[in-house]
Every structure is written in structure tokens, then in C-alpha cells.
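Q: Single-letter residue listing:
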Amino acid sequence: MNGDSVLQVNDLQISFSTYAGEVQAVRGVSFDLRRGETLAIVGESGSGKTVTAKSLLRLLPEANTRIKGGEAIFEGEDILKLSEQRMQKIRGEKIAMVFQDPMTSLDPTMKIGPQITESLKKHLGLSGQKARERAVELLTLVGIPSPGDRVKQYPHQFSGGMRQRVVIAIALACDPQILIADEPTTALDVTIQAQILELLRELQQRLGMSVILITHDLGVVAHTAHTVAVMYAGKVVETGTLREIFYDPQMPYTWGLLSSIPLPTADRSQELIPIPGSPPDMADPPKGCPFTPRCPYAMRICAEEMPGYTTFSAEHKAACWLHHPMAPNVEPPVRIGDAR
Amino acid sequence: MIRYVARRVAYMLIALFVIASITFFISKLLPGSPFANPKLTPQIRQQLFEKYGLDEPVTVQYVKYMLNVAQGDLGNSFYFENRPVTQMILEGLPVSMFIGVQAVIFGLVVGLVLGIVAALRHNTLWDTAAVVIAVLGVSVPSFILGPILQYWLGVKLGLFPIAFFESWWHSVLPSLALAVFVISTVARFIRSEMLEVMGQDYTTLARAKGLSGLAVIVRHVLRNSLIPLVTVLAPLTIYIITGSLVVEQIFAVPGIGEQFVTSIFVSDYSMILGTTLFFSVLFILALLIQDILYGIIDPRIRVSGAKE
Amino acid sequence: METRHRELTPDLFEPTDVRAQEGERIAGPPTSFWKDAWRRLKRNRGALISLGVIFLLFAMAFAIGPLLSPYSSYGQDLTRAYSGVSSEFWFGTDKFGRDMWTRVWSGARVSLYIGLLAACLDIFVGVVYGAVSGFLGGTVDDVMQRVIEILNGIPYLVIAILAMIVFQPGILTISIALGITGWTFMARIVRGRMLQLKEQDFALASRSLGASRFRLVWKHLLPNSLGPIIVNLMFTIPAAIFGEAFLSFIGLGIQVPDASLGSLISDAAREMRFHPYLLWFPAAVFCLLMICFNLLGDGLRDALDPKMRK
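Protein chains in written order, with the working numbering: chain A, 1 to 340; chain B, 1 to 308; chain C, 1 to 310.
Any given hint might turn out to be false.
[As the list claims (entries may be wrong)] To give an idea of the interface, some chain A residues facing chain C are shown, with a C-beta separation under 7 Å as derived from the structure:
1) 299
2) 301
3) 326
[What the hints assert, rightly or not] So these bits of chain B aren't anywhere near chain A, every CB distance computed over 10 Å:
4) 2
5) 4
6) 7
7) 56
8) 155
9) 211
10) 229
11) 232
12) 239
13) 261
14) 290
15) 298
[To be verified] Which bits of chain C does chain B cover? Going by a derived footprint, with three or more residues having C-beta under 8 Å, they are:
16) 155 to 161
17) 235 to 245
18) 250 to 261
19) 265 to 277
20) 283 to 296
These aren't lab readings, by the way, just hints derived from the structure by calculation. The beta-carbon is built from N, C-alpha and C at its ideal position, and this holds for glycine as well.
Given only the sequences and the hints, what does the whole structure look like? Please build it.
A: This is the structure:
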């Protein structure tokens with residue numbers, strides 16, 4: 001499954017200017033998206049994942065957002081520097097996005113059909129009959145029954161799960177190479193969640209799309225991702241393949257994340273270990289490793305300086321002072337080994 | 001949908017009923033009557049007695065009154081030689097409507113442009129300018145604006161006639177005096193609606209589809225912002241009605257407003273009550289039309305119920 | 001690991017207890033909803049200036065204005081009729097020789113009184129009505145709402161005129177008319193909020209802790225409705241002031257020889273050609289009042305609107 005890289009993000013830095021000063025939402029994020037694979041970006045609320053995603057399509061409000069640095073290479077170009085004209089060609093056509101809340105993602109006063117065909121008309125030049133047929137096809141593709149009728153209805157006539165499917169249909173309309181799904185299932189019921197994730201997986205296999213899946217739910221990650229990037233406080237603290245992250249994580253935050261979810265294989269006597277404390281305030285980010293206050297293994301250097309990345313394999317990298325030769329040897333919490 | 005309309009109509013009828021009743025009871029409380037007029041011949045007097053049932057108990061009078069009103073008979077004016085109130089209203093109506101409708105159309109167009117520009121250029125000079133104009137427009141009422149316009153544009157610069165209604169040119173200043181408020185209200189309204197819509201998820205999604213900025217605005221933002229504009233209809237109607245009272249006074253235009261104010265001064269109760277009732281009907285009708293229109297335009301109301 | 005410039009010594013790798021302080025450090029001072037709103041309001045210069053001007057106008061109308069003038073609002077002296085602005089008559093005199101300064105401030109008092117009356121009606125009738133209706137729900141709500149719908153259908157103007165006919169035109173009648181119709185909008189707003197809030201989790205939590213219904217409304221639901229209540233208040237006041245001026249303008253409101261800004265403007269409009277100053281002063285005071293309340297209302301709405309929080 002090791003395709004070549006379809007999107008390379010290097011050292012992305014984004015800040016907002018607010019009344020409280022400058023908020024550094026993203027402070028040096030890098031990752032690679034390979035063709036035909038799903039990259040899951042995991043992190044708590046406020047870790048900067050949504051901002052990263054939106055920035056790829058330059059959907060952040062221009063008034064107070066600044067992309068301070070970094071690049072995102074797609075088809076040989078840095079899409080962060082393209083003109084608005086060129087971006088419009090990419091959005092929807094080459095890179096598409098699905099948002100979190102299906103209840104507010106669709107225009108309430110426009111029928112579903114036109115919302116899909118808008119894209120088709122703009123990018124593929126389809127019109128009239130052809131566009132409508134394709135819209136119905138897409139609805140079938142995402143699993144909506146009686147698509148011929150449904151296509152003439154309004155969003156409020158659909159349930160949440162159905163609306164999300166419609167949003168996915170819109171995203172897929174022009175056969176994009178990359179689909180960015182920002183917490184696509186967070187606002188849905190658990191059973192519907194499973195359906196949508198299954199749908200995404202199916203579609204990915206069928207269409208050969210590359211997917212960036214943003215989530216805070218490790219269960220979702222386990223189900224759908226090939227590679228994982230763990231974000232904390234605006235930085236990627238660890239990245240690797242699914243197996244590597246789940247079975248051989250190298251960073252205390254990742255350990256913490258994995259320990260705090262219940263595993264069906266776990267024995268009842270074991271505790272769930274939540275991570276105490278909360279993420280730092282991005283208006284005044286710490287100068288060292290941001291996880292320090294909550295890290296059980298914190299050392300003095302952690303608070304003073306950011307660790308660099310240590311490479312463990314072709315895919316697997318983590319940033320933690322524990323990997324420095326001078327650091328003491330530390331055993332990860334027992335639970336992870338058990339899950340193997 | 002039908003139910004929605006039916007309910008609205010029912011409320012309208014109840015409100016009208018209540019107002020008509022109130023009008024009736026007030027008329028009973030008032031001194032003077034059309035029948036004290038010495039110019040009436042005995043036959044006419046007899047006719048009137050029968051028509052209004054004045055020698056019969058109040059309840060019968062009430063019923064007769066309501067029936068009369070339902071047929072459009074609002075009684076006769078005390079002051080203007082017993083002419084039927086309805087007739088006088090219908091004479092003055094076209095003039096007032098002309099000025100009023102003109103003001104609304106002009107106000108809508110200018111207001112929309114102003115408001116849309118302000119929203120699109122949010123937080124820039126355009127926005128601030130538009131907001132300033134809007135606030136001024138709302139704060140300087142027609143009865144101040146009217147005289148000022150009359151003075152500057154009419155007298156000093158001699159551009160427009162300042163009184164009476166002999167040509168279209170005559171209607172410009174009165175309509176303008178009324179339009180300023182409309183411009184302000186519409187501009188503020190559409191600006192705030194647009195700002196809200198532009199912050200919605202579906203607007204971002206539209207951009208994410210790769211639509212050009214213009215397409216996003218025209219196809220998604222505008223439609224969602226304009227729909228609520230319908231709710232401005234009824235208040236505007238009331239504004240035009242009350243505004244006409246003022247504007248017609250200032251510019252000596254022979255419309256309903258002017259009639260009404262005169263009738264107040266001469267205590268022509270019949271005329272006053274009749275016109276008041278008429279105004280109420282207008283307003284309630286406007287409310288009804290607004291509600292129905294809203295139901296038609298907003299698909300969430302028009303097409304209700306989901307097929308699961 | 002990638003190389004660093006800094007010299008790394010073994011002692012840096014000892015476990016540390018930095019977390020206790022670092023983790024809980026919050027950038028920026030703690031803030032509540034109201035402080036936040038106040039801060040936002042402060043940034044809106046227009047609104048602040050308006051607030052100041054309103055206070056000033058209040059002071060002028062009720063205290064300073066009358067104090068500074070030796071003349072009464074009614075004292076006629078035809079010999080000095082129509083004298084323009086002078087050091088003796090700061091706003092000039094009208095056709096009866098009455099001092100305009102005094103009359104303008106007298107009119108301003110009337111306007112401010114009406115504004116305050118409207119505000120009180122809004123609060124004591126509108127809020128209570130809306131709160132009761134929204135909170136109790138069910139049939140009570142239905143009935144109360146029907147009443148409002150009907151009241152709403154009858155324009156204020158109509159009631160005012162009818163009241164005017166039955167009673168004598170004057171400040172009392174305007175007050176009565178306002179009393180009948182002026183609070184309905186506020187009632188609707190508060191009812192809407194009640195319906196919204198009472199289903200929210202914090203209300204349920206409060207009730208499950210044993211709070212009485214009254215306490216729930218008074219301590220939880222109403223405070224959370226203060227935002228829209230205040231904003232609406234700021235707009236009813238100028239509307240009421242406008243209504244009174246309007247009625248006085250067409251002769252239905254304050255009667256001679258009392259003064260209302262509306263009647264002063266009405267008189268002045270007729271003589272604009274020759275004595276424009278008669279219009280400027282009352283018009284200026286009136287417009288100032290309207291502008292300030294509107295700006296303040298706008299500013300408060302922006303400040304209290306949680307959606308604007310970034």
C-alpha cells in the first residue's frame with residue numbers, strides 16, 4: 001500500500017490575531033499523505049487539527065489569519081502560495097472537504113440536487129441532464145435510497161446521517177484526489193458513525209482517493225487509518241503507521257491517549273488512566289515541549305526546549321527528550337504491551 | 001401549509017373584529033353625531049336612523065355597525081358635508097399610495113445596495129460609512145427631514161416644488177423624506193443578515209467546492225439573507241402609513257394622511273374612526289401577506305415534513 | 001535526534017516537577033461574560049460617546065437646562081417675539097416671545113419621560129409577561145400568546161389615536177396608549193428566550209438539585225436573558241420617543257402651551273423659511289437623542305452577542 005506521496009506538508013505555521021493577542025494555532029506541522037491511503041490526524045480540541053485542515057484549502061478567515069510559514073506541496077506546487085483563482089480550481093476538483101456538523105453544512109434553502117451539480121458545472125462543465133444524472137449516481141454511491149426522488153428535496157428533509165452522506169457525495173462529485181474529512185462522525189450517533197466510516201473506507205478503496213481524516217477518537221483511527229499523526233498544542237508529536245502507533249508508540253502523550261481508551265481485550269482489573277490537566281493556552285505557548293506539565297516522565301530540559309524528532313523507521317517519528325541518549329530508559333505503561 | 005395560511009387568516013379576522021368593536025364602542029362614547037346636523041332633511045334623517053338603528057338597543061346597533069363595516073360602509077363624515085367616509089378614503093388613497101410605494105421601492109433598492117456593500121466590505125471604510133448613514137437615517141425622522149428637504153432642495157435650490165400634487169415632480173420630495181428611513185432599515189437589516197450567513201458552515205462549504213467568491217455570494221449568501229427581509233414588510237407598511245400623516249402635512253399633499261389629520265383637528269369623529277379602522281385593515285393585511293409570503297419563500301416552511 | 005546548538009548536560013535530564021505551575025498558567029486574565037461584554041463595548045467608541053451624551057442630555061433636561069435659564073416655558077412677551085439666537089436667549093424665541101432654550105429642554109424632559117416609561121413598561125410588564133408565558137408553557141402560554149398576537153395586530157398609532165379621542169390629548173393619553181402596546185415586543189423576546197433556556201441542561205440541573213420554579217426563573221433563566229432584554233430596551237426607548245414626537249407633531253400629543261420636541265418641530269416647520277433657528281435646536285436635541293440610543297443599542301447588541309466571541 002505504499003504509494004508515493006500525494007501531499008507533503010512541511011513546517012506549517014499558522015497564527016490568529018485576536019483581542020487577546022496572537023494565538024499560535026499551528027506551530028510547525030509536517031506530514032506526508034500517500035496516494036490511496038488514509039492519514040488520521042489525532043488530537044484533543046484545540047490542538048490545531050482543524051486549522052491545519054482548513055488551511056490546506058485556504059478556507060480560514062482572511063481577516064485575522066496569517067500563514068506564517070511552511071509549505072504544502074501538491075502536484076509539484078506549494079498550494080499555500082497559490083492565487084485565489086488557482087485555489088478555486090483545486091477546491092472541490094482536486095482536494096475536497098467534509099465538515100463536522102452535517103446539520104449546518106448544507107444550504108437550507110437550496111435543493112440537494114443543485115448543491116451537488118454546482119460543483120459538477122463549475123469543474124467538469126457538465127450541465128442539465130448529464131449533471132443531474134451524475135448527481136443521482138453520486139447519491140447512490142453514498143448509499144442514499146431512492147436517489148431520484150431525494151435529489152429534489154431540501155436538506156431539512158434528511159436526517160443527520162443522510163445529510164453527511166450528501167456532503168460526502170458533494171465532496172466526491174468531481175473525483176478529487178484528496179478528501180479531507182474534519183471529524184465527519186463526531187456529530188452523529190454511534191451506529192451512524194460506523195456506517196459513515198464504513199462508507200468512507202469503501203469509497204477510498206473503490207476510488208483510490210487519499211484521505212486525511214481528522215478526529216479525536218482513537219476508535220475511529222483504528223478503524224480507518226493507514227498512517228497516523230498525533231498532534232498536540234499545534235505540533236505533530238508523533239507520526240507513524242497504524243501498527244507502529246498502536247503497538248509501539250514512542251511518546252508519552254501517545255501512551256496517555258492509548259491508556260485512556262477502554263480496550264475490549266483489557267482485563268477488568270486494569271484502570272483507565274486519563275491524562276490529567278488540560279492543553280496549554282495557545283496565546284502564550286510554552287517554549288519547551290508543550291506536554292511537559294501533564295507528562296509523568298517530564299525532565300527539566302522538557303520545559304526549556306523543544307525536542308527534535310527521532311526517526312524509528314521510514315514512517316515512524318516522534319519528538320521527545322526521552323529518546324535522547326542522555327535520558328533515562330523508560331518503559332511505556334504496561335497496557336500497550338498487552339494489546340499486542 | 002394550508003393550515004398555516006388558514007391560521008393566519010383567522011388571527012387577522014379576530015384582530016379586525018376586535019378593532020372594529022373597539023371603534024364602535026368609542027363612537028358611542030363620543031359627543032356629537034351626524035344626526036345633529038341641522039342641514040339634514042327629515043327623510044335622510046329617517047334613513048340614517050334605520051341604517052344605524054339608532055332608536056334600537058346598543059346590541060342591535062353593534063350588529064348593524066359590524067355588518068355595515070363588513071360591507072365597506074364606514075359611516076359619513078361630520079365635517080365634509082356628510083360624504084361617506086369610504087368614498088373620501090378612496091379618493092385620497094391613490095395619492096398616498098403613490099408616494100408611499102415610490103418611497104418603498106426607492107428605499108429598498110438603495111438600502112439593499114448599501115447593506116450588501118457594507119457586508120461584503122465588512123470592517124472597512126465602506127462598512128462604517130454605510131452604518132453611519134443607516135444610523136442617521138433611522139434617527140432623523142421624516143418630520144424633521146421633510147422641512148429640511150423642503151427648505152434646501154425646494155426653496156433655496158429651487159429644484160423641486162414644495163407643495164401640492166400636480167405632477168410626478170411634486171412627489172419626489174415627499175417620497176424622499178419617507179425613503180430615507182426605509183433605506184436605513186433595509187441596509188442595517190440586510191447587512192446583519194448577510195454577516196450572519198457568511199459565518200455559517202454552508203457558506204464555507206460552498207467555498208470549499210471551489211465556487212468563485214461571486215458565485216458563493218449570489219447563489220448562497222444572498223438568497224438566505226433576502227428571505228428574512230420579508231419580515232420587514234409589515235413594519236414598513238405601518239411606517240408608510242404613519243409617515244404619510246406627517247409628509248402630507250408638510251408638503252400639503254391631498255392624500256389620506258392629510259384628510260386624517262384635518263379630521264382630527266375638526267373632531268370629525270366619524271372620519272377619524274373610519275380612517276383608523278381602515279389603517280388597521282391595511283396593517284393587518286400587510287402582516288398577513290408577509291406571513292404568507294414568508295411561508296412560500298422559505299422552503300423549510302413550504303415543504304415541511306421529511307420522507308424517511 | 002537532530003542536533004541542537006545548546007550544550008546538554010546530564011542534570012537537565014532529571015525528572016522535574018514543573019507541571020504544577022505551568023499547566024495551570026492561563027494566559028490573559030480570567031473573565032466573565034459581563035466583563036467580556038463591557039470590554040467589547042468599551043472598544044466601540046460610538047456607543048461609549050452615546051452613553052456619555054445620553055447622560056449629558058438627561059442632566060441638561062432635568063437639571064442644568066432649567067437652572068441656567070431665568071425664563072419659564074410659558075412666559076410670553078410679544079415684544080421679543082422671533083428674536084434670534086442671542087446671549088440672552090441662547091436658542092432664540094418663538095412667535096410668542098417664549099424662550100426657546102427653556103422650551104426645548106422642557107420638550108426634552110417629556111421625551112425622556114416617555115422613554116423611561118417605555119423602558120419601565122418593557123421591564124415590568126413585558127419581561128414578566130413573557131417570562132410567565134414562556135416558562136409555564138402549555139395552555140397558559142397559548143392563551144397569553146393569542147392575546148399578544150391580537151395586541152400586536154393593532155398598531156400603536158391606532159390605539160393612541162383612539163385613546164386621544166376618548167380622553168384628552170396629552171401626556172397621560174400617550175402613556176396609556178404606550179402602556180397597552182409598547183411592551184408586546186419585549187414579551188415575545190423574553191418568551192422566546194424562556195422557551196429556549198428552560199430546556200437546557202443547566203436548568204434541568206438546577207431543578208434536579210431542588211430549586212423551586214421561582215428561583216429557577218429569577219436566578220438562572222432571567223439573568224441569562226439579560227442580553228436580549230437590554231438590547232431590546234435600548235431600541236424601545238428611541239421608538240417610544242419617536243412615537244410621542246410624531247404624535248405631537250401631528251397635533252395629537254402634547255398640547256399647547258406645553259412643549260414637546262415634536263410640537264416644537266411642527267411649529268417650526270411652518271416657519272422654516274423665515275426663522276430656521278426655531279427648527280434647528282429642537283431637531284438637534286431630538287436627533288441627538290435618537291442617534292445616541294440607536295448607537296448604544298447597536299453597540300450593546302454587538303457586545304452582548306456571544307457569536308462574536310473569538
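Q: Now look at each hint and say whether the structure bears it out.
A: Outcome of the hint check:
1. 299: 5 Å, holds
2. 301: It holds, given that the least Cβ distance between residue 301 (chain A) and chain C is near 4 Å, below 7 Å.
3. 326: 5 Å, holds
4. 2: 19 Å, holds
5. 4: Label holds. Min Cβ-Cβ 16 Å, cutoff 10 Å.
6. 7: 21 Å, holds
7. 56: Correct as stated: the minimum Cβ-Cβ distance to chain A is 57 Å, above 10 Å.
8. 155: 47 Å, holds
9. 211: 6 Å, violated
10. 229: 13 Å, holds
11. 232: 18 Å, holds
12. 239: Nearest chain A Cβ is 27 Å from residue 239 (chain B), so the label holds.
13. 261: Holds, because the least Cβ-Cβ distance between residue 261 (chain B) and chain A comes to about 43 Å, which exceeds 10 Å.
14. 290: Holds: least Cβ distance 18 Å, greater than 10 Å.
15. 298: 7 Å, violated
16. 155 to 161: holds (count 4)
17. 235 to 245: holds (count 3)
18. 250 to 261: Contact hint for the region 250 to 261 of chain C vs chain B: holds, 3 residues under 8 Å.
19. 265 to 277: holds (count 7)
20. 283 to 296: Satisfied; 7 residues make the cut.
Consistency with the previously given hints fails for numbers 9 and 15, ordered from lowest to highest.
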